[in-house]
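Line by line, the protein sequences are chains A and B.
Letter by letter, the first sequence follows residues 151 to 471 of the working numbering.
Letter by letter, the second sequence follows residues 185 to 475 of the working numbering.
I should point out that these hints are in silico values taken from the structure, not numbers from a laboratory.
Beta carbons: idealized from backbone N, C-alpha and C, even for Gly.
It is possible that part of the hints are untrue.
What the hints assert, rightly or not - Just some of the chain B residues that point at chain A, by a computed CB distance under 8 Å:
id : residue
1  : Leu281
2  : Val283
3  : Val287
4  : Ala288
5  : Phe414
6  : Leu422
7  : Phe455
8  : Leu457
9  : Val460
10 : Val461
11 : Ile464
As the list claims (entries may be wrong) - Pairs of lysine-lysine residues, derived as DSSO-like cross-links and limited to a Cα-Cα distance of at most 30 Å, are as follows:
id : chain 1 : residue 1 : chain 2 : residue 2
12 : A       : Lys289    : B       : Lys306
13 : B       : Lys247    : B       : Lys306
14 : A       : Lys346    : B       : Lys247
What the hints assert, rightly or not - If you want the footprint, here are the derived chain A segments under chain B, 3+ residues with CB under 8 Å:
id : stretch
15 : 230 to 237
16 : 377 to 385
17 : 390 to 402
18 : 432 to 444
Below, each chain spelled out in residue letters.
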Amino acid sequence: MYSLRGWNPLAEASRRWFTLAAGVAVLALAVPWFQPGPYLLYAIDILIFILFAVSLNLLVGQTGMVSFGHAAYFAIGAYCAGILVVTAGWSMPWAFLAGPPVAAFAAFLVGLFCVRLTHAYFIMLTLAFAELIHAVVWKWREVTGGDDGLLGVQTMPPFDTPLGYYYLTLVSVTICLILLYSISRSPFGRICRAIKDNPRRVEFMGINVARHKLMAFVIAGFFAGVAGDLFVFFNRGAFQGIANWLTSAQGLVMVILGGPNYFAGPVVGAIVFKLLDSAVPKFTEYWLLVLGLILGATVLLMPNGIVGFLWGRRASRDGHG
Amino acid sequence: MDTVVLQMVSSLVSASILFLFASGLTLVFGVTRILNIAHGTFYMLAGFIAFTLTQVTANSPFKFWIALAAAPLLVAALAGLVEVLLLRRIYGRDVLLQVLLTVALIFVFGDLIRLFWGLTQKNVPFPVQLMGSISLDGMRFPIYYTLVMGTAVAIGLAMWYALYMTRWGILLRAATQDREMTSALGIDERRLFSVVFVVSCWLAGMAGVLASPTLSVALGMDMPAVIEGFAVIVVGGLGSLPGAVFSAVLMGFVKGFGILVIPQFALVFVFALMAVVLIIRPWGLMGKPEG
Numbered sequence: 151m152y153s154l155r156g157w158n159p160l161a162e163a164s165r166r167w168f169t170l171a172a173g174v175a176v177l178a179l180a181v182p183w184f185q186p187g188p189y190l191l192y193a194i195d196i197l198i199f200i201l202f203a204v205s206l207n208l209l210v211g212q213t214g215m216v217s218f219g220h221a222a223y224f225a226i227g228a229y230c231a232g233i234l235v236v237t238a239g240w241s242m243p244w245a246f247l248a249g250p251p252v253a254a255f256a257a258f259l260v261g262l263f264c265v266r267l268t269h270a271y272f273i274m275l276t277l278a279f280a281e282l283i284h285a286v287v288w289k290w291r292e293v294t295g296g297d298d299g300l301l302g303v304q305t306m307p308p309f310d311t312p313l314g315y316y317y318l319t320l321v322s323v324t325i326c327l328i329l330l331y332s333i334s335r336s337p338f339g340r341i342c343r344a345i346k347d348n349p350r351r352v353e354f355m356g357i358n359v360a361r362h363k364l365m366a367f368v369i370a371g372f373f374a375g376v377a378g379d380l381f382v383f384f385n386r387g388a389f390q391g392i393a394n395w396l397t398s399a400q401g402l403v404m405v406i407l408g409g410p411n412y413f414a415g416p417v418v419g420a421i422v423f424k425l426l427d428s429a430v431p432k433f434t435e436y437w438l439l440v441l442g443l444i445l446g447a448t449v450l451l452m453p454n455g456i457v458g459f460l461w462g463r464r465a466s467r468d469g470h471g
Numbered sequence: 185m186d187t188v189v190l191q192m193v194s195s196l197v198s199a200s201i202l203f204l205f206a207s208g209l210t211l212v213f214g215v216t217r218i219l220n221i222a223h224g225t226f227y228m229l230a231g232f233i234a235f236t237l238t239q240v241t242a243n244s245p246f247k248f249w250i251a252l253a254a255a256p257l258l259v260a261a262l263a264g265l266v267e268v269l270l271l272r273r274i275y276g277r278d279v280l281l282q283v284l285l286t287v288a289l290i291f292v293f294g295d296l297i298r299l300f301w302g303l304t305q306k307n308v309p310f311p312v313q314l315m316g317s318i319s320l321d322g323m324r325f326p327i328y329y330t331l332v333m334g335t336a337v338a339i340g341l342a343m344w345y346a347l348y349m350t351r352w353g354i355l356l357r358a359a360t361q362d363r364e365m366t367s368a369l370g371i372d373e374r375r376l377f378s379v380v381f382v383v384s385c386w387l388a389g390m391a392g393v394l395a396s397p398t399l400s401v402a403l404g405m406d407m408p409a410v411i412e413g414f415a416v417i418v419v420g421g422l423g424s425l426p427g428a429v430f431s432a433v434l435m436g437f438v439k440g441f442g443i444l445v446i447p448q449f450a451l452v453f454v455f456a457l458m459a460v461v462l463i464i465r466p467w468g469l470m471g472k473p474e475g
């Protein structure tokens, strides 16, 4: 259908971005020396949700599919790996590898129903299926632990210390982000962007729109599964709340906060969201009220997010930059 | 046999609530193309307001009726404010922005409800005039159920009359079909949108107050309601009022009898039905295919 020849993702990334990314990487590697202790745990949490938000934005920002059920694949990745360790007695590496494919398969099954639908139907259906998965996680006590959560998900050395787990997370998330960036810049990613702008025209060009949307949905589900995977071993367990609609909504908040039209948008959005999430509750118990006001203001006043706000002044918008 | 009659009646009661809730959702979507995820929040808010009203007027024999009349109106007034100040700015914009603005409403109103009413469950009493029970085929039902079903039927008929017999209804149906054309004909779109949103939230409020004596009013009741409402309008067809009626009854029965088969997972049947409908008719049983 299209050729991959002559495609080099690194050549497409501008030098400026590459330098910036390298700088961030050095900084991230050095975090443990500056800030050991509790901040390291914060950093792990932030990294996990960066991956979650970027995987969601492959759908939202790139393909124009507003999924309101991304938490489901995060939770399936988490619970799958967790159950394999706790109940089936697998060791961490194998369980870790099993989580994302299962999440991707679940996304495939749900995607079969959803991808042909237009905006509003797609939102309702992704939300409905996610709530169904949440109900299963919540009510199927024998397998998932129900309300008590899934406890005792053991890690193994050298990942059982905060420092070891930080590096595992950093390396995994970095690899996933590079892959997601390459995907967003590949011919496939360009077709996704074209689908967002004008699906009918893409169809006229002889490209199967539904199949590409399904592929995007499965890929996003896979990477959400990786994030869930990292989450379950980080917390040594999982609880039903992660499959909740609120987790899906948080993902969307991260995307809009950072800027859905930029690859770096959800990265910035996830960092800002997580910082607010840990700072605001120290001042008020009404964190959702504050979040709602921030979200409303972002939607009405800054719909291109923080990155769009900063970047938009310097360069004209060229989609994912 | 007894359980069948029992489940039929309770299915019809839940169908009534579902219809009131989902018809508002589908009306707003049909006209403004906004998927109001905060619809359940207005439903929940009406329940809390009804609780407070019945507390304030605790000595009056008509306290429930006062709540039933006033709470949906208060919710509708609030909705009017929300429409004029916020929603109006995002009509025709990106779906992501529309959805997240309604999510922002869920967050803000959810926390405000927690601020005013706290986390405990609230119970709204049955109206004293309808305290007793009637027996049908040897089974006994609260008389109150007839009020729920009667109100749903009355409002359904009123909506049918308004939509198909009045000038306002013609405009509204025209706007559902082709918004650009209606505004080109000089119809004031903004007023139409405001009225539809206010009426829709009034309907959510009616559903909330009528449901409140049969369940505890509590935080977190909004999202399950919205998801069931989505299921109803997906099956019925987005923007279709007859579809909402038919689908609400269908869903009521699927829920009512699903509980008999797997008590924990009645939701599964609702989703199974939705999945089947989507495979056969992706635009809903009584909707029209887009494009």
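Checking against the hints above, which ones are violated?
8, 9, 10, 11, 14, 15 and 16
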